[in-house]
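Residue strings, one per chain:
Number of protein chains: 2
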Amino acid sequence: MHQLDVDLADRSYPIFIGQDLIAEGELWSSYIRGNQVMIVSNETVAPLYLKQVEAKLSDKQVSTVILPDGEKYKDLDTLNLIFTQLLEQRQNRTTTLIALGGGVVGDMTGFAAACYQRGVDFIQIPTTLLSQVDSSVGGKTGVNHVLGKNMIGAFYQPQCVVIDTSSLNTLPDKELSAGLAEVIKYGLILDLNFLQWLEQNMPALMERDPQLLAEAIRRCCAIKAQVVAEDEKEMGKRALLNLGHTFGHAIEAHVGYGGWLHGEAVAAGTLLAAQLSQRLGWIKQADVDRTRSILVAAGLPVEPPVGMSSTDFLQLMAVDKKVLDGQLRLILLRALGDAVVTSDFPAAELKATLDKATAG
Amino acid sequence: MHQLDVDLADRSYPIFIGQDLIAEGELWSSYIRGNQVMIVSNETVAPLYLKQVEAKLSDKQVSTVILPDGEKYKDLDTLNLIFTQLLEQRQNRTTTLIALGGGVVGDMTGFAAACYQRGVDFIQIPTTLLSQVDSSVGGKTGVNHVLGKNMIGAFYQPQCVVIDTSSLNTLPDKELSAGLAEVIKYGLILDLNFLQWLEQNMPALMERDPQLLAEAIRRCCAIKAQVVAEDEKEMGKRALLNLGHTFGHAIEAHVGYGGWLHGEAVAAGTLLAAQLSQRLGWIKQADVDRTRSILVAAGLPVEPPVGMSSTDFLQLMAVDKKVLDGQLRLILLRALGDAVVTSDFPAAELKATLDKATAG
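Chains as they are written, first to last, in this note's numbering: chain A, 91 to 450; chain B, 91 to 450.
It cannot be assumed that every hint is accurate.
Any copy, or any two copies together, can satisfy a pair, since identical chains are not distinguished.
Unchecked claim - The calculated lysine-lysine pairs, modelled on DSS-like cross-linking and capped at a C-alpha distance of 30 Å, are:
1) K141 / K446
2) K323 / K150
3) K327 / K150
4) K146 / K441
5) K446 / K323
6) K162 / K150
Calculated directly from the structure, the hints in this document are not laboratory data.
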């Protein structure tokens with residue numbers, strides 16, 4: 091078992107990474123300070139792991155709320171189901187919410203914890219690779235609005251994060267790949283050595299080698315913990331973690347939530363970011379090819395959706411959170427392993443990149 | 091013009107109190123850091139003050155959203171109207187929301203600011219006495235749930251609070267009284283001298299003497315700023331500010347939101363708290379009579395709603411946020427000017443107090 095710590099003064103917390111950690115209740119149940127617990131899960135994950143979690147909480151008053159599965163339910167109405175359940179069960183300010191599931195469950199549970207009675211504790215038990223390496227760490231919580239993804243939320247840190255790598259055994263292939271998109275992202279933005287390691291080990295990761303997956307998760311979480319400790323509220327460096335995301339959010343909005351997995355959209359978006367970086371002369375065509383290769387090796391899409399035009403992209407990107415004072419900011423690559431947040435690119439180059447990628 | 095400061099480290103902010111401060115745009119517009127502003131007001135207040143505020147923001151990109159007036163609209167659906175407007179106007183993370191109105195507008199605008207893109211700036215311009223002395227200061231924001239008042243929210247501090255005492259000229263008598271309920275509360279819980287001052291000056295306050303109202307507001311805000319600085323997240327002392335509120339919330343829930351003004355319900359609740367304190371032998375009957383007298387002098391109700399039973403009270407109070415681990419905690423009076431948060435009272439005495447008060 092590995093332990094990493096996210097260093098945020100009085101909001102610091104540990105990330106536990108290892109096999110069968112859900113079953114090690116004494117590890118994480120000590121982070122529950124009251125005698126009430128609300129487990130939030132979804133229809134897909136609950137049948138697999140809910141009983142295991144409940145078994146470790148026999149001394150608590152445990153309630154559960156099972157949400158429908160999918161990004162399209164990540165909204166205020168579904169959030170309100172959690173509040174209703176909390177109130178019907180008379181859960182008080184000392185309760186602890188437990189997020190048992192992927193990124194959607196984690197984001198919504200964290201936001202519900204941030205808002206219920208103006209803030210109660212919560213624990214993340216992420217069960218997908220994507221949520222284990224990214225969304226469960228760092229305290230970004232929230233829901234979507236019909237006009238934009240993740241537009242309503244809070245920075246709110248959990249008491250601890252329990253990454254049970256055994257849960258990856260039940261993960262569909264498509265979701266494993268989606269998680270690998272975020273794993274590759276860490277290499278591209280900040281860690282060339284890790285990128286090289288991923289290039290060497292991608293076949294084994296795709297075969298779900300447990301040691302290598304645990305090592306990948308550990309390295310991603312270590313990078314994320316470091317970035318979040320430096321810039322919790324995303325005033326600067328943390329934005330680097332959004333490589334490919336502005337393009338990706340546009341793809342998700344275009345195809346409708348749930349049409350593409352988040353990680354898939356990020357993968358296609360990451361290649362667009364690399365292509366624009368190359369067009370600006372910052373990286374070489376060989377770097378773009380290398381980016382494409384590793385994404386393909388991870389089973390990820392590298393082309394925008396059929397029928398999506400550059401105009402579609404530009405309109406949808408205009409409502410991205412990273413549009414500051416009307417100026418679109420993107421995460422681009424100065425080199426592999428070295429990303430920057432910038433609005434320092436000609437609009438014509440962005441359009442040319444999108445035109446070429448969407449030419450079909 | 092008075093200035094008070096709420097001391098919360100990097101979230102400290104000033105409260106400005108004085109005549110015609112809305113018109114002194116240079117005083118508060120310097121707290122707007124971006125070039126986008128969203129003014130949130132309601133149907134009642136907007137016709138009175140919106141143009142004045144807009145006139146001071148001619149160099150900004152200003153949008154407005156006008157909410158329906160009333161506590162019954164303080165919910166997630168109405169909150170979503172603010173998010174929709176923010177997104178339709180493409181407001182970004184540097185925007186500043188301005189709450190122009192009473193407590194409902196302030197609570198919702200503050201919560202919208204807390205959540206929009208995980209947090210943007212906001213400014214409070216409270217236009218009712220109640221919001222000027224209480225809800226605009228201290229960062230409690232939120233909305234109601236059908237199962238409980240203020241159950242969904244955040245602690246989120248404004249950039250500044252602009253208390254323009256001239257706005258009280260347009261306040262209906264009923265709302266002036268409702269605000270005085272919270273004013274009296276400060277005296278009862280923490281400041282016997284202030285309570286005596288209020289007893290002497292209540293007739294003039296009811297006549298809206300501008301100097302005396304400004305002085306009352308200043309003293310209330312000074313007490314609140316001090317309490318909030320000591321206990322921002324209500325782990326202890328801040329709960330004292332809820333004198334009468336647990337009873338009051340039960341009254342509001344019983345009659346339906348909007349049936350009684352919040353301040354009216356707090357007034358009747360405050361007398362119940364005093365009566366229970368007397369029954370416990372903590373204060374004298376003369377203290378209860380004095381409490382009743384000043385509430386009556388302020389034009390406030392001191393009896394529960396006709397037809398509300400002690401059972402109604404007890405059931406509704408059981409979902410109050412101050413119920414910790416099933417134990418009801420109340421704010422009671424050890425003496426006039428000295429309140430405590432306690433669960434140290436026999437349930438039978440609470441019931442007897444409620445039985446007597448509701449006997450009609």
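Against the structure, the hints come out as follows:
Taking the closest pair of Cα atoms, K141 and K446 never come within 30 Å of each other, the shortest separation being 50 Å inside a single copy and 49 Å across copies. Taking identical chains as interchangeable, the C-alpha atoms of K323 and K150 lie at most 30 Å apart only when they sit on different chains, with a minimum of 25 Å there against 33 Å within one chain. For a Cα distance limit of 30 Å, the shortest separation of K327 from K150 across copies, 28 Å, qualifies, whereas the shortest one inside one copy, 40 Å, does not. In the homo-oligomer, the alpha carbons of K146 and K441 never lie at most 30 Å apart, since the shortest distance is 54 Å inside one protomer and 39 Å across protomers.
For the homomeric pair K446 and K323, neither the shortest alpha-carbon distance inside one copy (35 Å) nor that between copies (53 Å) is at most 30 Å. Neither within a single protomer nor between protomers do K162 and K150 lie at most 30 Å apart by alpha-carbon distance, with minima of 32 Å and 35 Å respectively.
The structure does not agree with the numbered hints 1, 4, 5, 6 stated previously, though it agrees with the rest.
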